[in-house]
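Student: Residues per chain are reported as follows:
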Amino acid sequence: MASKPRTLYEKIWDAHVVERREDGTCLVYIDRHLVHEVTSPQAFESLRAAGRPVRRPDLTLAVPDHNLPTTARQDASGHRIPIADQESAQQLAALERNTSEFGIRYIADTAAAQGIVHVVGPEQGFSLPGATIVCGDSHTSCHGGLGALAFGIGTSEVEHVLATQTLLLTPSKTMEVRVEGELAPGVTAKDLILHIIGVIGTAGGTGHVIEYRGRVFEEMSVEGRLTVCNMSIEGGARAGLVAPDETTFVYLRGRPFAPQGEAWDRAVAWWKTLATDPGARFDKSVVIDAAAIEPTVTWGTSPEDTVPIGGVVPAPESFADLGKQEAARASLEYMGLEPGQRLSDVEIQNVFIGSCTNSRIEDLRAAAAVIEGRHKAENVRWAIVVPGSGLVKRQAEAEGLDKIFTAAGLEWREPGCSACLAMNPDKVPPGERCASTSNRNFVGRQGPGARTHLVSPAMAAAAAVTGRLTDVRELI
Amino acid sequence: MKAIREVSGRAIPFGRKNVDTDVIIPAHWLKTITREGLGRGAFEAVRKHPGNVFDDPEFAGAPILIAGDNFGCGSSREHAAWALLDMGITCVIAPSFSDIFSGNAFKNGILAVALPQEQVERLLEIARTDPIAVDLEHQTVTTPFQDRFHFVIDPFRKHCLLEGLDEVGMTLAEDQRIAAYERRMADDLPFLSGPLAAAA
Chain A
1 MASKPRTLYE
11 KIWDAHVVER
21 REDGTCLVYI
31 DRHLVHEVTS
41 PQAFESLRAA
51 GRPVRRPDLT
61 LAVPDHNLPT
71 TARQDASGHR
81 IPIADQESAQ
91 QLAALERNTS
101 EFGIRYIADT
111 AAAQGIVHVV
121 GPEQGFSLPG
131 ATIVCGDSHT
141 SCHGGLGALA
151 FGIGTSEVEH
161 VLATQTLLLT
171 PSKTMEVRVE
181 GELAPGVTAK
191 DLILHIIGVI
201 GTAGGTGHVI
211 EYRGRVFEEM
221 SVEGRLTVCN
231 MSIEGGARAG
241 LVAPDETTFV
251 YLRGRPFAPQ
261 GEAWDRAVAW
271 WKTLATDPGA
281 RFDKSVVIDA
291 AAIEPTVTWG
301 TSPEDTVPIG
311 GVVPAPESFA
321 DLGKQEAARA
331 SLEYMGLEPG
341 QRLSDVEIQN
351 VFIGSCTNSR
361 IEDLRAAAAV
371 IEGRHKAENV
381 RWAIVVPGSG
391 LVKRQAEAEG
401 LDKIFTAAGL
411 EWREPGCSAC
421 LAMNPDKVPP
431 GERCASTSNR
441 NFVGRQGPGA
451 RTHLVSPAMA
461 AAAAVTGRLT
471 DVRELI
Chain B
1 MKAIREVSGR
11 AIPFGRKNVD
21 TDVIIPAHWL
31 KTITREGLGR
41 GAFEAVRKHP
51 GNVFDDPEFA
61 GAPILIAGDN
71 FGCGSSREHA
81 AWALLDMGIT
91 CVIAPSFSDI
101 FSGNAFKNGI
111 LAVALPQEQV
121 ERLLEIARTD
131 PIAVDLEHQT
141 VTTPFQDRFH
151 FVIDPFRKHC
161 LLEGLDEVGM
171 TLAEDQRIAA
181 YERRMADDLP
191 FLSGPLAAAA
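Protein chains in written order, with our numbering: chain A, 1 to 476; chain B, 1 to 200.
Hints should not be assumed to be uniformly reliable.
Only some residues are given here: those of chain A computed to face chain B with a beta carbon under 7 Å [to be verified]:
| # | residue |
| --- | --- |
| 1 | 19 |
| 2 | 41 |
| 3 | 58 |
| 4 | 137 |
| 5 | 156 |
| 6 | 203 |
| 7 | 302 |
| 8 | 323 |
| 9 | 327 |
| 10 | 443 |
| 11 | 445 |
Chain B regions said to be covered by chain A (calculated; three or more residues, Cβ under 8 Å) [said to hold, decoys possible]:
| # | region |
| --- | --- |
| 12 | 32-38 |
| 13 | 70-76 |
| 14 | 125-131 |
| 15 | 184-196 |
Since the hints were derived computationally from the structure, they do not count as laboratory data.
Owing to the predicted nature of the structure, the values given are computational and were not obtained by experimental measurement.
Note that CB positions come from ideal geometry on N, CA and C, so glycine has one too.
Could you put the whole structure together from the sequences, leaning on the hints where they help?
Tutor: This is how it looks when you write it as structure tokens:
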């Protein structure tokens, strides 16, 4: 009997159901669990209190990222430099202690492999196509760029996965975002996902898992796919997926945790069966015209507040929804912007190139290509480049990218989440603007009173050079 | 988890749409290694504005929060649920919730009640002056003015909330099924959940 055509999501889901209950809830097996210092202490505390072990420490990988300062971690003689913030230091120490007590693999802050958890997973080959991957962080959707079903969970679920290697879940609805045509030169994966979120809204994907389909994604690098899937959560979808293909396999082969030898061949054979079957149905479908997308920036305090760089700040009255009008008014007040103002006239004082969205080697190359031979504008007070991992940092230095940034007046930092959420000392001052390659422009996200404009790495570099939001195509 | 059957009393008429978890509890409060005390940081940015609903003595100790669409979007931080609990809030009413927040709320014994927009607007109006009652067993929200709104909740979640069940303990009782799954996968797709070690 021919089986019903299934989507990529449905195939991964079906392979992971341990038990299906009458009410439709499923006990789902989790193949990979990434752990960081912020959302795990209370989970370990509960395990300890109940005397419960970690079921599969081998499928768990811990790395500190959110709290770490991005300044030097060791002095000239190799001694660890203590972390000034006592609470951060305490949380980082708790991760080290908990992973040691429960026998979990731990990448130390001074190790070359350390980095942002969502950069580390793919880079280490820990994240694999067809796997279920979770982490106590909403940007876990990132790993969907490899064709994994990856999503963020809360701390109670972290505890549940540590103890049982499973989660109780109800199946999500499926949503297809089909991008037709090709991206124009100078338009990147980041511009594309910002544009998509602008179209579907921050609740557009709620209850759904998005599959990104179309030639644009087939021709996109793994880094680009990770950027797109990373921000699925900003469109309300808990997970985003791109079907695994040769590009994915080439990226993964030989990485430390990727299967080897015969196991690799078996894995590839299975991964090739995962693509959505012809005729499979999605619960929701959105079609996007790639050619119409320009380099995109945000004007407000929600990731759906996007506009092409050539555009103007919208008037709150231009929105049909009354709630959105009110939100837009509050956003404009917070952002210090006026309706009708050209985005390319907006001056910025800070630039942040980094985060799990845009800190991989390709992102740094794109930023360096724009900035090479130029210098940051005088009104740009603070501009930092934070590589996603120690390995990205090493690679960038081997290519001389660090020298390009520092020659231009940008600071070259140690890896971590940094100014994306400003839990560490990297903050944007109140009332100042930041051209940021991160994922959220929420009120206070980059520091109290900070005003964030989300952009691609190339656009952030362009803003650093001119001191205002700038169409990068004018510089290339 | 504490069992929950009924939540009644004053409701904070917040009403804002797209309340993200950065608004509920900003990142600098996430450095704690315990669940307690986060109420002090809850809605910090909103509370900087004089006349905000959270500091209005009228709503002091209110166990219910009413908000707009897409409540709890953004970061997965469970600290948002802990902060609400620490404020004494055990029920949030909104037209819709983010997927992650609704899971976190449930796991901490917070009742997330989704109602149609016009019913939420009616409750926002009433909450300014009068109490509201939420009955989980009968799945209703009622007001002193004869309003009676029915809400939908997943039967499994309802059962767990009513009984205050520990989900980890319940799943551990199914250990044999999980082990059977692992054995089956070790044959079928060993590279997924088989023993994992890094290449030398």
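Student: Hint by hint, which ones does this structure get wrong, listed from lowest number up?
Tutor: 14
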